[in-house]
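Given chain B's structure and the hints, the job is docking chains D and Y onto it.
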Amino acid sequence: MTEKPAEKTALSITALLGVLAALLFLTGLSIALAHFYTGPLRVAAALSIAAVKTGLVLIFFMHLRQAGKAVALSFLATVVTLAVFIGLTFADTLYR
Amino acid sequence: MHANTDNEGSRLGMWLFLYTEIMLFGGLFVLYAVYYNRYPGEFSAAGRELELAKGALNTGLLLLSSFTAAASIETLRKGAKRAALGLLGSTVLLGLVFLFNKYLEWSHKFAHDIFPGSDTLLKGPKGETVFYGLYFTLTGLHALHVFLGCAVLSACWVLVLKGRVTGERMNLLENTGLYWHLVDIVWIFLFPLFYLIL
Amino acid sequence: MDRTLSFFETPSSPGQKGARAWLLTTDHKRIGLMYLWVVLFWFFLGACLGLLLRTQLMSVNHLLLSAQTYNAAFTLHGVIMIFLFVIPAIPAILGNFLVPLQIGANDVFFPRLNLLSWYLYVAGGLLAMVALFTKGAPDTGWTFYVPFSVATQTGVTLSVFAVFVLGLSSMLTGLNFITTVHRLRAKGLGWLQLPLFTWSVYATAWVQLLATPIIAVTLLLIIVERLFNVGLFDPAKGGDPLMYQHLFWMYSHPAVYIMILPAMGIISEIFPVFSRKSIFGYKAIVAATMGIAILGSLVWAHHMFVSGISDMAVLVFSFLTFLVAVPSAVKVFNWVSTMYRGSIYMAPPFFFALCFVFLFTLGGLTGLVQGAAGPNVHIHDTHFIVGHFHFVMFGGTGFAFLAGLHFWWPKLFGRLYDFKKAYAGAVLLTAGFVMHYFPMFILGLKGMPRRYYTYLPEFWPLNFFEGIGAYIMMSGLALLFFNLLRSFRGPRLAADDPWGATTLEWRTSSPPPLENFATEPEVDAYPYDFSALARKAKAAVKI
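Protein chains in written order, with my numbering: chain B, 7 to 102; chain D, 17 to 214; chain Y, 66 to 608.
Chain B with its partners taken away, still in its complex shape (with noise of 0.2 Å):
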């Protein structure tokens, strides 16, 4: 089985520097936002911002789009089993 051509999964440096300046960016907008933002969706809007960074580097720095089928479904199914045993033990603690 031979490697992928190299055109697959490269990107150009400069295509690199531009997702860590949007991964900069990204962070400082998460701390102006704890600043300046105090209602009930703050900790809702910094998981997301952190979901977002997350994202940009998996697709552009990890490659997870070019890694196969098995990869992508597994990845996804490992994010929903922690979110379910997340959720299943609110079910206990929620209504104590």
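Just to be clear, a hint being listed does not mean it is correct.
To be verified - Coverage of chain D stretches by chain Y, computed from C-beta distances (three or more under 8 Å per stretch; other residues unrestricted):
| # | region |
| --- | --- |
| 1 | 25-34 |
| 2 | 128-142 |
| 3 | 150-162 |
What the hints assert, rightly or not - PhoX-like cross-link-like pairs, simulated, lysine-lysine; straight-line CA separation at most 25 Å:
| # | chain 1 | residue 1 | chain 2 | residue 2 |
| --- | --- | --- | --- | --- |
| 4 | D | Lys142 | Y | Lys302 |
| 5 | D | Lys178 | D | Lys94 |
| 6 | Y | Lys302 | D | Lys139 |
| 7 | D | Lys139 | D | Lys125 |
| 8 | D | Lys97 | D | Lys125 |
| 9 | D | Lys97 | D | Lys178 |
| 10 | D | Lys70 | D | Lys118 |
| 11 | Y | Lys348 | Y | Lys252 |
| 12 | Y | Lys302 | D | Lys125 |
| 13 | Y | Lys252 | B | Lys75 |
| 14 | B | Lys75 | Y | Lys348 |
| 15 | D | Lys125 | D | Lys70 |
What the hints assert, rightly or not - Examples of chain D residues lying across from chain Y (beta carbon under 10 Å, computed):
| # | residue |
| --- | --- |
| 16 | Glu37 |
| 17 | Met39 |
| 18 | Leu40 |
| 19 | Phe41 |
| 20 | Val50 |
| 21 | Leu120 |
| 22 | Thr145 |
| 23 | Phe147 |
Simulated from the structure, these hints should not be mistaken for laboratory data. Ideal Cβ positions, reconstructed from N, Cα and C, are used throughout, including at glycine.
Structure of chains D and Y alone, referenced to chain B:
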């Protein structure tokens, strides 16, 4: 058919290992979720006591290190060995600076009598004790992974230098890169959970 | 005719000799056998501990063991049996040996990682022994509940670290099997052509991979608590002891599916062969296997119904527990249906498989009794629970393991054991087993608690009766293992396939050569196609 030439299989194996790391930290995230729900006010108060500047700097360092790790792979793929070595070396350095920063943060807390079992915590509100319990455990476990990542990246650096890892045979480097990015992702979540719950 | 050299005669790296040919091997078959010997050692130790416990319980007044020693004994019995025997046995021994053969590959995907898993398994066991002799055996039960596990002065830290190391071994084995099944299937072998044993090991591997890290971090937290008193489970510091239980069972319940899924896979292989008929409902069994793996990961708090969790949680987890019984029942129906209109051929593996169905069904049904919240209040922490889990873990996985050993023994060693002794041992074992474990349901309902070093005098007759059953059971086990080991003195088997099976591992010599297959095996359209065998039989009869 055999493992040595099946890169997709090798990549699958590495991702599977990353899932175990996600679940490992996941157990602690379960604890965080439950306890934050129980002590939201005290978590916010304690969060404000953390040094946001150091946390933000650490976030920046790791994001930058993810960039250098990814870039080192791209440059090596194109055959630019010296650039790759420079970028890879920078990744390790950034990781070490992260660890040093963490050491400063922890020392600062210890100096202010904030550590597991300290009087300040014992006398303070329970939610605060839990917050710091989670803080030290999670950032401690994360720091251990940063350290291990630096060690493996350094080993990769040596192998690239010796020509054992090249643009054509870079499975080890790519897999190590994946590990490093995961360590970055964990911090991407730890940062808001501890420093931005204000 | 030249006999192909078997893997016993060919080390995985040319030039390796003696002990190094085993300790440095990367051959999945040798690694499987190395697991076999170490696992059997731990099983023997765990069984002796069990016998010690039950001997104590044969008397109310003449106590062999003090309360403290008794507590240590049941803790060790549990830790050894669960982490060193039942969880690893089938995947690490039979999974390692057979999965590559069943998919037509010549090894697992990461052979050196496989060897590392074995060393981690051995190290975990050794660490547990060190814990024993340095700080004294832990007395917390294998569940290590806080706050006692944090407070007790016995060797909890090392023991728990040993389990951590064993967990690492298990996780890496799971990783290896998943990658192997995804990447090394023979040409033409699609997912819905995989033998059911491989399917079961694959599903198990996912549970091993995703659930084990949870207990890994939980055990680390125990160590951190003991060393630094962080307080994450300590109410005085804002912690919640129930969170320990949640995290502990989040792994340990899926762990029982790690134990039973490969066992069910073995049974799914045996029924078709000895009914000379394709398995009934192949796809349903595949779906049920994955269903059990998934649903079984959602029911953990049914171990905590009386611990103080919310009523909502009791409702949710009880409901989910009832759901997980469905795919298990589907499998039982399918195994039995396989026999219908089949051509039954009795041999020791089949006898074990039939006993499995009976014992596992009883175990499963009593699990439903426990899963119902109301009855649970009465029987939690009584011997009812002890009876239930021994029926499923021993009557289930244990018997399936024996079935698998007796089925694949000729493939592993090129030898066949004495059938009569095998039947005798199996009958003694089964009779002793039922005598020993069934009364526990009665005692539990009457209120006899578990993990107590003595009991009320009214419970004495059944406890004494159980003790006799224990010794009968042990004599059965002794006979079975003596019989298997004695086969090494007997003649070498010539046949690749002494049973008339259809899966790929039977298309190569017994034992197989190093590379598993001399020529690339031809894959059938369907793994349980007995039509060729039926044609041969018809031709022989000459109607």
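Consistency of the hints with the structure:
For the region 25-34 of chain D, the proposed coverage by chain Y is satisfied: 5 residues have a C-beta within less than 8 Å of a C-beta in that chain, meeting the threshold of three. With 6 residues having a Cβ less than 8 Å from any Cβ of chain Y, the region 128-142 of chain D passes the three-residue criterion, so the hint holds. Counting residues of the region 150-162 of chain D whose CB lies closer than 8 Å to any CB of chain Y gives 4, which reaches the minimum of 3, so the coverage claim holds. Between D:Lys142 and Y:Lys302 the alpha-carbon distance is near 5 Å, which keeps this suggested pair within the 25 Å criterion.
The hinted pair formed by D:Lys178 and D:Lys94 meets the criterion: a straight-line CA distance of about 17 Å does not exceed 25 Å. For a cut-off of 25 Å, the pair hint linking Y:Lys302 to D:Lys139 stands: about 10 Å separates their Cα positions. A hinted pair counts as satisfied when its Cα atoms are at most 25 Å apart, and D:Lys139 with D:Lys125 qualifies at roughly 16 Å. Pair hint D:Lys97 plus D:Lys125 does not hold up; C-alpha atoms about 42 Å apart against a cutoff of 25 Å.
The straight-line distance between the Cα atoms of D:Lys97 and D:Lys178 is roughly 11 Å, inside the 25 Å bound, and the hint therefore holds. As the CA atoms of D:Lys70 and D:Lys118 are separated by approximately 8 Å, the hinted pair is consistent with the 25 Å bound. Distance check on the hinted pair: Y:Lys348 and Y:Lys252 sit about 21 Å apart at the alpha-carbon level, within 25 Å; holds. Taking the CA atoms of Y:Lys302 and D:Lys125, the gap is about 18 Å. The hint holds against a cut of 25 Å.
For the hint linking Y:Lys252 to B:Lys75, the alpha-carbon distance of about 19 Å falls within 25 Å, and the restraint holds. Among the hinted pairs, B:Lys75 with Y:Lys348 is consistent with the structure: their alpha-carbon atoms are about 22 Å apart, no more than 25 Å. Annotation: proposed proximity of D:Lys125 to D:Lys70 holds, straight-line Cα distance about 13 Å (limit 25 Å). Because the smallest distance between the Cβ of D:Glu37 and any Cβ of chain Y comes to about 7 Å, under 10 Å, the interface hint for this residue holds.
Of the supplied interface hints, the one on D:Met39 holds, with its beta-carbon coming within about 4 Å of a beta-carbon of chain Y, less than 10 Å. Nearest Cβ of chain Y to the Cβ of D:Leu40: about 4 Å, under the 10 Å cut. The hint holds. A least Cβ separation of about 8 Å between D:Phe41 and chain Y falls short of the 10 Å threshold, and the interface hint therefore holds. Of the supplied interface hints, the one on D:Val50 holds, with its beta-carbon coming within about 6 Å of a beta-carbon of chain Y, less than 10 Å.
Hint status for D:Leu120: violated, given a least beta-carbon distance of 20 Å to chain Y, over 10 Å. A distance limit of 10 Å between C-beta atoms decides the matter here; for D:Thr145 the minimum to chain Y is near 4 Å, and the interface restraint holds. Interface restraint check for D:Phe147: the shortest CB-CB distance to chain Y comes to about 9 Å, inside 10 Å, so the restraint holds.
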